[in-house]
Amino acid sequence: MVESLIQNMEQTNDGGLAQVRHVVLVLSGKGGVGKSTITTELALAFRHAGKKVGILDVDLCGPSIPRMLSIGRPDVHQCDAGWVPVYADAQKSLALMSIGFLLEDPDEAVVWRGPKKSAMIGQFVSDVAWGELDVLLVDTPPGTSDEHLAVLENLKKHRVDGAILVTTPQAVSTGDVRREITFCKKTGVRVLGIVENMSGFVCPHCSECSNIFSKGGGEDLAKLTGSVFLGSVPLDPLLSSSIEEGKDFMQSFPNSATFSAINSISQALLSSLQND
Amino acid sequence: MADVPDNAPEHCPGTTSEQAGKSSSCEGCPNQKVCASGATKAPDPAIAEIGAKLSTVKHKILVLSGKGGVGKSTFSAHLAHALASDSTKEVALLDVDICGPSIPRIMGLEGEQVHQSGSGWSPVYVDDNLAVMSIGFLLSSPDDAVIWRGPKKNGMIKQFLRDVDWGDLDYLIVDTPPGTSDEHLSIVQYLSATHVDGAVIITTPQEVSLQDVRKEIRFCQKVKLPIIGVVENMSGFVCPSCKNTSQIFPPTTGGAERMCADLNLPLLGKVPLDPRIARSCDEGKSFLNEVPDSPSAEVYQNIVQSIKDYCSNRVTEEQSTT
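As they're listed, the protein sequences go chains A and B. Going by the working numbering, 114 is the number at position 120 of the first sequence; the sequence numbering is gapless. Going by the working numbering, 195 is the number at position 208 of the second sequence; the sequence numbering is gapless.
FYI, nobody ran anything at the bench for these hints, they're computed from the structure. A portion of the hints provided could be inaccurate.
[Unchecked claim] Label-pair distances were calculated between CB atoms; the ranges are:
hint	chain 1	residue 1	chain 2	residue 2	range
1	B	D130	A	K86	40 to 46 Å
2	A	K180	B	G107	54 to 60 Å
3	A	H152	B	D280	44 to 50 Å
4	B	P17	A	L96	29 to 35 Å
5	A	A43	B	S299	55 to 61 Å
[To be verified] Chain A residues, not near chain B, derived (Cβ > 12 Å throughout):
hint	residue
6	V80
7	D101
8	D128
9	T181
10	S246
[What the hints assert, rightly or not] Okay, derived cross-link-like pairs now, DSS-like style, lysine-lysine, Cα gap no bigger than 30 Å in a straight line:
hint	chain 1	residue 1	chain 2	residue 2
11	A	K209	B	K45
12	B	K257	A	K209
13	A	K180	B	K139
14	B	K139	A	K209
Cβ atoms here follow ideal geometry from the backbone N, Cα and C, with glycine treated the same way.
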């Protein structure tokens, strides 16, 4: 009884991350390349693989994850150990905490400068009672600024396994992601790998593949920077609409090429985490 | 909006707020004395300096979006190219995306450096009448990351407006990063002593994008920035081989059209996806010159015309009221 009480207190001190096995950041220097989409699909893939997953959405100005998981705007409750995350399923295998939950009006703009954002993120990262998780994915806004530094400062107390970097194939995007790799080096975050998103589009009418945002940029960037290339995810209207409607793409379209692409990325990531 | 110094505590009320130097979080802050004295509540002298500096700029247009990667920089660059195709107009493009500057590459100016002259920093010229300024010109290598917090980014934006030798301009286009944070507050604040024509809002058709863009529209209303109109980018894709259209980013909630109708905003146009746009941007060329007869280029030209009309109407309106 006393022991469990002490154990409880220790957990509280570690900010609810004590039973989280792996923490992975999802980063990109560029906006709109699919960080939140990749985060969501990886979480769903991990869940299908029988893992317990959490997502922390720290994009204060544009939180997208609640919509992508079809979690509206639930009331967030507190327990002794902190904020209780919201679960996407009855089995409680996919937990989510997003700034979106704390906004009163979904159209309201969060017009905050850096120090206020940093304070909010600090609280966010340390005060969520995640419980037992295999993997916690942290979805971030684009850039290398206040939010990123705040996340790292607060997660460092625990342990960060590393980051996956999302890019689209064009040079305009890989150029920004190249800077993000420097950010990782400077802040001591291991790059677990690069994912190329929006890589080619197969016309559903004639099966002709168009490289709308060019092709191969992610792989080239991985070679150039000596990083692991985790794989590429094609442009897929089925994926876009699943994300829009908050449906589980990984469950609905197990035979699509996009499914196998995401699945193989998630397996590569899991094995790299477990071999650590 | 409040200014927060680099060394301020987390809950700094801002040096210009009523609480400056007095709130509980000010305890122990090295700036507490200065703030409490009231000296910091005077408006930033830079605002007046910027007002004087930019008095020779006829039209100022901001390009905004709450969402990243929707094509703000692509649009800004091509708006600049299109406006500058009239050789009698002087056009400048300012990139205030400090952490992810894409403009140098899109304008074909990668590796260019800024030069110092007697009257300030000289922008980099694409053509005689098209000047560009970006933090990208101040970085020494493509690997350089700008790991800056808000106050430092704000300082850079101030310098871009005050210390760059812009000269006489017909149009100044400002490309912004995604969001509603430091860069956006700063640019609006620093331009408050000048006349800004308005903002062009860029979105893609999906709700995931529109939900962030609605926030940006709220932001514009909060800071009293007029909205010229909304551009829907990546709007459908016509397969080059079978000519069928696919909605790669489906407008599940009616897209920009529905949002504009709901919020009573003009929709300037819908630009279809075209692989040649991304390719031109990577190569630093103007898509409008590369494939002038493509459907996307045509939509772009119409949008640019609407923006020109908006700007000249605003001038006539003002002349009639004064």
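**Report entry** Numbers of unmet hints, in rising order
**Finding:** Those not satisfied are hints 2, 3, 7, 9, 11, 14.
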